[in-house]
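> These are the residues of each chain, in order.
Number of protein chains: 4
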Amino acid sequence: MAPTKKGILERLNAGEIVIGDGGFVVALEKRGYVKAGPWTPEAAAEHPEAVRQLHREFLRAGSNVMQTFTFYCSDDKLENRGNKLTFTGTQINEAACDLAREVADEGDALVAGGVSQTPSYLSCKSDKEVKAIFKKQLDVFTKKNVDFLIVEYFEHVEEAVWAVEVLKEAGKPVAASLCIGPEGDMHGVSPGDCAVKLVKAGAQIVGVNCHFDPMTCVKTVKMMKEGVEKAGLKAHYMVQPLALHTPDCDCRGFIDLPEFPYALEPRALTRWDMHKYAREAYNAGIRFIGGCCGFEPYHIRAVAEELAQERGFLPAASEKHGLWGSALEMHTKPWVRARARRDYWENLKPATGRPHSASMSTPDGWGYTRGHAELMQQKEATSKDQLKQLFEMSKKK
Amino acid sequence: MAPTKKGILERLNAGEIVIGDGGFVVALEKRGYVKAGPWTPEAAAEHPEAVRQLHREFLRAGSNVMQTFTFYCSDDKLENRGNKLTFTGTQINEAACDLAREVADEGDALVAGGVSQTPSYLSCKSDKEVKAIFKKQLDVFTKKNVDFLIVEYFEHVEEAVWAVEVLKEAGKPVAASLCIGPEGDMHGVSPGDCAVKLVKAGAQIVGVNCHFDPMTCVKTVKMMKEGVEKAGLKAHYMVQPLALHTPDCDCRGFIDLPEFPYALEPRALTRWDMHKYAREAYNAGIRFIGGCCGFEPYHIRAVAEELAQERGFLPAASEKHGLWGSALEMHTKPWVRARARRDYWENLKPATGRPHSASMSTPDGWGYTRGHAELMQQKEATSKDQLKQLFEMSKKK
Amino acid sequence: MAPTKKGILERLNAGEIVIGDGGFVVALEKRGYVKAGPWTPEAAAEHPEAVRQLHREFLRAGSNVMQTFTFYCSDDKLENRGNKLTFTGTQINEAACDLAREVADEGDALVAGGVSQTPSYLSCKSDKEVKAIFKKQLDVFTKKNVDFLIVEYFEHVEEAVWAVEVLKEAGKPVAASLCIGPEGDMHGVSPGDCAVKLVKAGAQIVGVNCHFDPMTCVKTVKMMKEGVEKAGLKAHYMVQPLALHTPDCDCRGFIDLPEFPYALEPRALTRWDMHKYAREAYNAGIRFIGGCCGFEPYHIRAVAEELAQERGFLPAASEKHGLWGSALEMHTKPWVRARARRDYWENLKPATGRPHSASMSTPDGWGYTRGHAELMQQKEATSKDQLKQLFEMSKKK
Amino acid sequence: MAPTKKGILERLNAGEIVIGDGGFVVALEKRGYVKAGPWTPEAAAEHPEAVRQLHREFLRAGSNVMQTFTFYCSDDKLENRGNKLTFTGTQINEAACDLAREVADEGDALVAGGVSQTPSYLSCKSDKEVKAIFKKQLDVFTKKNVDFLIVEYFEHVEEAVWAVEVLKEAGKPVAASLCIGPEGDMHGVSPGDCAVKLVKAGAQIVGVNCHFDPMTCVKTVKMMKEGVEKAGLKAHYMVQPLALHTPDCDCRGFIDLPEFPYALEPRALTRWDMHKYAREAYNAGIRFIGGCCGFEPYHIRAVAEELAQERGFLPAASEKHGLWGSALEMHTKPWVRARARRDYWENLKPATGRPHSASMSTPDGWGYTRGHAELMQQKEATSKDQLKQLFEMSKKK
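Chains F, Y, H and X are the protein sequences, given in the same order. Quick note, the first sequence lines up with residues 1 to 397 if you use the UniProt record's numbering. Quick note, the second sequence lines up with residues 1 to 397 if you use the UniProt record's numbering. Quick note, the third sequence lines up with residues 1 to 397 if you use the UniProt record's numbering. Quick note, the fourth sequence lines up with residues 1 to 397 if you use the UniProt record's numbering.
Hints are computed from structural coordinates only; laboratory data are not their basis. Among the clues, some could well be false.
The list makes no distinction among identical chains, and a pair is therefore deemed to hold if it is satisfied within one copy or across any two copies.
Below, in silico cross-link-like pairs of lysine-lysine (BS3-like), each with a Cα-Cα straight-line distance of 25 Å or less [stated by the list, open to error]: (1) K84 with K168; (2) K388 with K333; (3) K333 with K128; (4) K131 with K200; (5) K30 with K333; (6) K395 with K333; (7) K230 with K200; (8) K276 with K395; (9) K131 with K379; (10) K168 with K6; (11) K333 with K379; (12) K144 with K6; (13) K200 with K219; (14) K333 with K125; (15) K6 with K143; (16) K384 with K333; (17) K219 with K131; (18) K128 with K379.
Please read all numbers here as calculations on a predicted model, not as lab measurements.
Can you build the whole structure from these sequences, using the hints too?
What follows is the structure, encoded as structure tokens:
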């Protein structure tokens, strides 16, 4: 961190808004550098120019946090299910730290080293085994001197608590973010109880990311806040939702939607949806406001634009944007120029262009969680027989 | 062009499939480098790293053509409606050529210098004046030695013919692509007649781009092909459609949809829609198959994957993709692994997640075209009074 | 016919608007008196009070024509596919004539005896055999002295011509209405050519009924009118469409929609849709304007209300209606009273309340028509083996 | 009641299923005999043949209860808002009793005399004044010797309790049904508390009718049942929901939907939706299962068919129906015959045919209830000035 930069807690304690970045795995999947399925971040080492560019776009859009592109970057996940890699886990973690630092130093952003849930936990390994995995990633973050740490995308608060316990040993601020909705974690622990556990474990910032749309995520963080306050504790709050409309999700989130992960396009939020999200999050008392899967740089820019008055400035990328569509004043067609106004975009319900599509799906979740045989993770690729068995199971549902 | 590379006509004459790239202005608008409204490409000079990265992503996805990022890069457009720029038109055209060449030389791609329709034509300037504008861009393309030329995004075949007449003087192959649908150009000239005019003017490749969804564009190019063949002429055919579903467009295309340009998200095509498009275009005898607004690198990859058997190879980015979702075999959840099969994705009708949105809109077009006072383009920014007048007009509709 | 009543041709020759009735089989199916599948009208004899009441409701709504409830009332159809009946065909035809006459005489309505397409034609019987069937029904209509005759719901113009040839022998006016859309009859004869054939055979009134939504039907009748006029002939025109939105039908109409016949509810037209239909039909020069399947009395009333100025009066049932919702002025809730105005209802796009339903279906038609083995009609009920075979065929599509 | 008929409590005490009828005002509005807005039942006296026929259709469909067509038949409502009538309230109430009795005696049905909420309550009249209104109706029911009494369509439990207190004096069984959803009555009293109040007031049967779709109504009655059981009381339960999908309603129900009352068509339930409703209601322990607005005879028949095994017989109207579409075995087209099976209809999500309609609306309710000036009911018709003021209010929302 440059000596002049304020740390994450300094900012939050001062009541500042901290804008997060967007989801890297989904954005880079669309750009051709991440494989859906494994969702691993080897591109940090393989294609640094692509990762660097995405960091820059989010920085330019207003992000104050460059999360290291280390999602699912634990050794057990990297080796999982037949995913062959040229680089070691440590090399990828290091490369990701370097890229985040390089871009963070081009602006007013901090570097956050992140860990996420592990296949080992799902496969019922012990806390000692799982913690060793987090520790190995932490060693890289410490060596690379990230500014703070994020425990993110955990479906089970138990595992997240283990991660917090490991990460807090580094003496840096720790944020903890679960991928849960209002119904709580996969073991049925409520958002309020989850938050209390995480704060007690040592997290200074708690919240949720991924799995649900913005309004659902804000609602869940509100429940966390109520839980923390009811327990007489204190924390800061973060939210990094999907940029997808998910009115039809069950408790396991968008993974269970039939469209996941290759046909989610029609659910994507517009920039105007983002304005509403940013305001709602701010009004809920959340001050670390970012995004996850589906967020493109312009989504983050919309968050920064909505909160421009509170923050006192616009992001760099707003030079290529007109607030509420005002840039359309320069459009060729007069009827498009007539759309250069806030009330037009604020009230528009966009058509889907999809007369054969319904607005809601029936989630597909089989309801398994940690402990169920079908969830034991394996290193070798899924065999044809296993796949055939899965297809049969899906037919019976 | 590297000595070992075959030219565009050599490829097409040999029956090869040439895969185009996607639309730069919309993709870069989302990344924060292009302003919707003016839609000008000054980022080629201002932010070359962002433009270079997008070129690379399309190359990696399978593109054989790197179009210079020179859309709307005529001097009259760059000065239009209060758009202030640091770079001259020539500087931007040159920078765009350099970036396209740099990335083209990293793979099997050609550089195509492109011109597009001008505000001067809309403002009823003479053919001499309009041609001088194209000539100025052509001088840069000649100096930078692009591999071929594209006349693209023209709503009036008359102007496109003028552009072909200028560009063919350089002695390089010329492709001509209108942004029209089955109803023809803005003066009511049918697709077949448009194509005949373009071929007679000297274009070796004709087709359409932008404004309509893939199936509508393929249908329009078929009509062009029929016209050309009926006239006893010969040509190659190209198609570069939107990556948006537009069942509700009128003859002026997606510009008139109420969602243009800031709320088009729910209309985005999935990769599976792209498979169908690529096959349909191929079956129609079109061999230059690419994309326009809304295409992201993964859309081009899907085109390349659908045509992999015909071409004999997969694109580089397919290393991060499983054909028809097979990479999901490595997904954590068993119910998502059960989706790792073609029939699942091929038949899925994705939900929109938007219970308050209809599937179709009523286009907003006021029906003006060249010659109407409201379409005269001006250099100064639209005034408040002008905007107010436009809002009043839009209310009365 | 009462001595003071003008005949159908007198009315049409004088330029009067003649309002038809709605579809009896579908309305009575919902009331519990008709069986979907056979769609036969034995209720005329079995439950005369139900049929009489429906006649009265249409009369009260503004109908000038009481069609005898004799749809599919040919002997070959009545015996078809295991349908056991207490009454003979002649008894049902006679009962239907009596009911129509009884109610017609309560107001300003004419009685029209109707015949419809036969299983015999589909089973490739000769013109002689098919004509004998129509003759038997005509004998009843002659005995009961109906006011005019309607040849209606024919998919093949050839069979309709046969019917016209039989019916015109009675010396009464003959109207001929096909259930076709803009693509023409099941043998591919265009609407214009169909109309010419029917006029040449002796029909004084031609048009279409059933199978498509109002706007599609009006469009088809326009094509008929153009054909007749181009051939230098003269005719009057009629239209009796579905009260269902069918944007997704193929040439065989709503029969092929997956929702036919038991899940068509969400497609039902509102009364406001009917206003638009009535105006469109009137503007197209059609003067015999009625309805078919899906029309309830209030739909016919809306037609009569839209054309009240041209006709000079409102129908009786308008005493229980306020034009354009004005009766809501008497509603309890003030926010509902605020809806008592034309622009509210005219512009409303009603929500479907169905988040899991798409707006369009993929028609199911297998494309068979007269001559295909699968279309040969049989008297005995479909066997289990036949059904099983059909299910297998439907799976393969 | 015929001596051999069992009373309503005998039946329910014996665990029998009692099937109600459908909503008369909406069904008769479509047939041309009721005016939307006032919604008053003068047709019982004016057009007895129409009311009798509807009773017969419900009887034939399986109804065991003929509710007197006396909805909104209190003197204060009949005089309300400029509604001019030929018959007195007493005459209408009497005519309605006679019609219900006549048809009930044609089958196994009981006559239920019904009262509904009054404008006097909304206008803040005293309990004494309101009770006098109910008493006047009760006098007719007593004279006409109905079999039991229903207090139905009350938004405020307070007024319903007053009605129960009046009606129980007659010594006949009293059922009490509110038009509320899970959020409770318009004063915020929960369904459980409402039910307790009604039982304590003397109702032997409690439940809900109208305002919400079947699943929401069943859910609300479940909450009532829990409340009653928690209070240590006993009751029977009834449910008579809308035949409309209303996922988007707020606590005031379908009145607030923008489509109410003239554009609700796309929301109509299919017969297959009714099967699910009947099963759900039965499983919830509800034994008096009927319908309200939107129910046509075939909807009630579907309820009777779903519960045929439990009841031991099919309704009369099933002679014109095939269970689960089996009558389609007799359809002309083989692809329609292929639909003659339960799984086809059970799983079909019907398309709406409405590409310009969304699936959900935003309710319009202004949130007023008893006590608000805007809800004071008046006898004279709403004036133009009042309407203009309402339109202005609706614009501001």
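> How would you classify K333 and K379 at a CA-CA limit of 25 Å: within, between, both, or neither?
between (57 Å within a copy, 14 Å between copies)
> Give the relationship of K168 and K6 under a CA distance limit of 25 Å: within one copy only, between copies only, both, or neither.
Classified as within: same-chain Cα gap 19 Å, cross-chain 59 Å, threshold 25 Å.
> Is it within, between, both, or neither for K6 and K143, if the alpha carbons may be no more than 25 Å apart?
within (20 Å within a copy, 50 Å between copies)
> With 25 Å as the alpha-carbon cut-off, assign the pair K219 and K131 to within, between, both or neither.
neither (30 Å within a copy, 45 Å between copies)
> Cα distance capped at 25 Å. Does K230 pair with K200 within a copy, between copies, both, or neither?
within (13 Å within a copy, 38 Å between copies)
> Which holds for K333 with K128 at a C-alpha limit of 25 Å: within a copy, between copies, both or neither?
between (64 Å within a copy, 24 Å between copies)
> One pair to classify: K128 and K379, alpha carbons no more than 25 Å apart. Within, between, both, or neither?
This pair counts as within: shortest intra-copy Cα distance 20 Å, inter-copy 68 Å.
> Checking K384 and K333: alpha-carbon separation at most 25 Å within a copy, between copies, both or neither?
between (55 Å within a copy, 16 Å between copies)
> At most 25 Å between CA atoms: does that hold for K388 and K333 within a copy, between copies, both, or neither?
between (54 Å within a copy, 15 Å between copies)
> For K131 and K379, with the copy left unspecified, which applies at a CA distance of at most 25 Å: within, between, both, or neither?
Only inside one copy: K131 and K379 sit 19 Å apart there, 63 Å across copies, limit 25 Å.
> Between copies, within a copy, both or neither: which fits K131 and K200 at Cα up to 25 Å?
within (17 Å within a copy, 60 Å between copies)
> Should K30 paired with K333 be assigned to within, between, both, or neither, using CA atoms and 25 Å as the limit?
So K30 and K333 pass the 25 Å test across copies only (21 Å; inside, 31 Å).
Of the numbered hints listed earlier, those contradicted by the structure are 1 and 17.
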